[in-house]
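S.K.: Take these sequences, add in the hints, and give me the full structure.
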Amino acid sequence: MTKVTVSLDSDLAIEAMLLSGTRSPQDAVELIVRDYLATGRRTEARTGDAADAHRVGQGRPATEEG
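For what it's worth, full-length UniProt numbering labels the leading residue of the sequence shown as 1, then goes sequentially.
Note that these hints are calculated values from the structure, not bench results. Worth double-checking, as some hints may not be accurate.
[As the list claims (entries may be wrong)] For each label pair, taking beta carbons as the anchor points, the in silico distance ranges come out as:
# : residue 1 : residue 2 : range
1 : THR63     : ILE32     : 20 to 30 Å
2 : TYR36     : ILE14     : 12 to 22 Å
3 : TYR36     : GLU65     : 39 to 49 Å
4 : ASP35     : THR63     : 15 to 25 Å
[Said to hold, decoys possible] Computed list of lysine to aspartate or glutamate pairs in EDC-like fashion (alpha-carbon distance at most 20 Å, straight line):
# : residue 1 : residue 2
5 : LYS3      : ASP27
6 : LYS3      : ASP35
7 : LYS3      : GLU30
Quick caveat, the model's predicted, so the values are computed rather than measured. Where a beta carbon is used, it is the ideal one built from N, C-alpha and C, also for glycine.
M.R.: Take a look at the structure:
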């Protein structure tokens, strides 16, 4: 896998290390990015995407008020 170098403000790197519980800024950023991506995939799996829009709103009977 190709490596990428990213420069961060030291305060941001320390904050990431504290949140992730790591001693290395590189490990902290990697863990946070992996978690962010995994969260996005779980959300897509639960809510679907634009191609699933045909399932919402069709087939429901109209509610009678009165």
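S.K.: In ascending order, which of the hints set out earlier in this document are inconsistent with the structure?
M.R.: 1, 4
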